[in-house]
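Residue numbers (my numbering), protein chains in the order written: chain A, 534 to 649; chain B, 1455 to 1565.
Keep in mind that a hint or two might mislead.
Unchecked claim - Below, in silico cross-link-like pairs of lysine-lysine (BS3-like), each with a Cα-Cα straight-line distance of 27 angstroms or less:
#, chain 1, residue 1, chain 2, residue 2
1, B, Lys1503, B, Lys1552
2, B, Lys1515, A, Lys588
3, B, Lys1503, A, Lys574
4, A, Lys588, A, Lys574
5, B, Lys1552, A, Lys588
6, A, Lys599, B, Lys1552
7, A, Lys553, B, Lys1552
8, B, Lys1552, A, Lys574
9, A, Lys597, B, Lys1552
To be clear, the hints were calculated from the coordinates, so they are not data collected in a lab.
The lines below spell out each chain.
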Amino acid sequence: GAVVSQHPSWVICKSGTSVKIECRSLDFQATTMFWYRQFPKQSLMLMATSNEGSKATYEQGVEKDKFLINHASLTLSTLTVTSAHPEDSSFYICSAREGSSYNEQFFGPGTRLTVL
Amino acid sequence: AQSVTQPDIHITVSEGASLELRCNYSYGATPYLFWYVQSPGQGLQLLLKYFSGDTLVQGIKGFEAEFKRSQSSFNLRKPSVHWSDAAEYFCAVGAADKLIFGTGTRLQVFP
Chain A
534 GAVVSQHPSW VICKSGTSVK IECRSLDFQA TTMFWYRQFP KQSLMLMATS NEGSKATYEQ
594 GVEKDKFLIN HASLTLSTLT VTSAHPEDSS FYICSAREGS SYNEQFFGPG TRLTVL
Chain B
1455 AQSVTQPDIH ITVSEGASLE LRCNYSYGAT PYLFWYVQSP GQGLQLLLKY FSGDTLVQGI
1515 KGFEAEFKRS QSSFNLRKPS VHWSDAAEYF CAVGAADKLI FGTGTRLQVF P
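Input sequences plus hints: build the corresponding full structure.
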């Protein structure tokens, strides 16, 4: 099956700094990428949907100025957590899909962010 | 509003025993339904999906699920569990180009 990678797999940063997380589709063209946030023992919550070359569409309650998403190519999307605070500590997961919404989303392994 | 409920947070079974993980959904139209498995350090992997047609869906790793419209359910089953099946399992409904996930069921398998 298709492979999606995320980098880094974990990151620790100080409060107030910004952190960038990369999501790459390794063997297919990801026309749409999704970013999720997962709290311990909870479900995946969709943060935003991005189509290559377009601005991301954010879910209600997600601050677009805090969680900057860039999807500049068909194989790479980035999520930047700006001015991170301890409450931003979480597990961030991306997924990627090629073409139609009927196609499968392939998920990355996730990135554990800890903000001190 | 669309939602997915997985009533069981944690299930423990013995290796070789049968398994059923429950999933109930709320969706106004014909749902697209999915089951994913999440293992530590790995991304979510699709086990099976239902779009239309036969309500009994076969998936990978010996899993199957049955769509029951009257009960708004899409329960996941496996006749004989292996120790390697220990993981977190998520049910999801496809709604307006998005996936809405349940809260997950953690499966523990005892030898």
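Results for each hint:
1. For the proposed pair B/Lys1503 and B/Lys1552, the alpha carbon gap of about 14 angstroms is at most 27 angstroms, so the pair holds.
2. About 38 angstroms separates the Cα atoms of B/Lys1515 and A/Lys588, which puts this hinted pair outside 27 angstroms; it is violated.
3. A C-alpha spacing of about 23 angstroms is found between B/Lys1503 and A/Lys574, which places the hinted pair at or below 27 angstroms, so the restraint holds.
4. As the CA atoms of A/Lys588 and A/Lys574 are separated by approximately 31 angstroms, the hinted pair breaks the 27 angstroms bound.
5. Of the pairs offered as hints, the one joining B/Lys1552 and A/Lys588 holds, with about 17 angstroms between alpha carbons and a cut-off of 27 angstroms not exceeded.
6. A hinted pair counts as satisfied when its Cα atoms are at most 27 angstroms apart, and A/Lys599 with B/Lys1552 qualifies at roughly 22 angstroms.
7. The straight-line distance between the Cα atoms of A/Lys553 and B/Lys1552 is roughly 24 angstroms, inside the 27 angstroms bound, and the hint therefore holds.
8. Proximity of B/Lys1552 to A/Lys574 is assessed by CA-CA distance (about 21 angstroms); at most 27 angstroms being required, the pair is judged to hold.
9. Proximity of A/Lys597 to B/Lys1552 is assessed by CA-CA distance (about 18 angstroms); at most 27 angstroms being required, the pair is judged to hold.
Taken one by one, the earlier hints fail for this structure at numbers 2 and 4, listed in ascending order.
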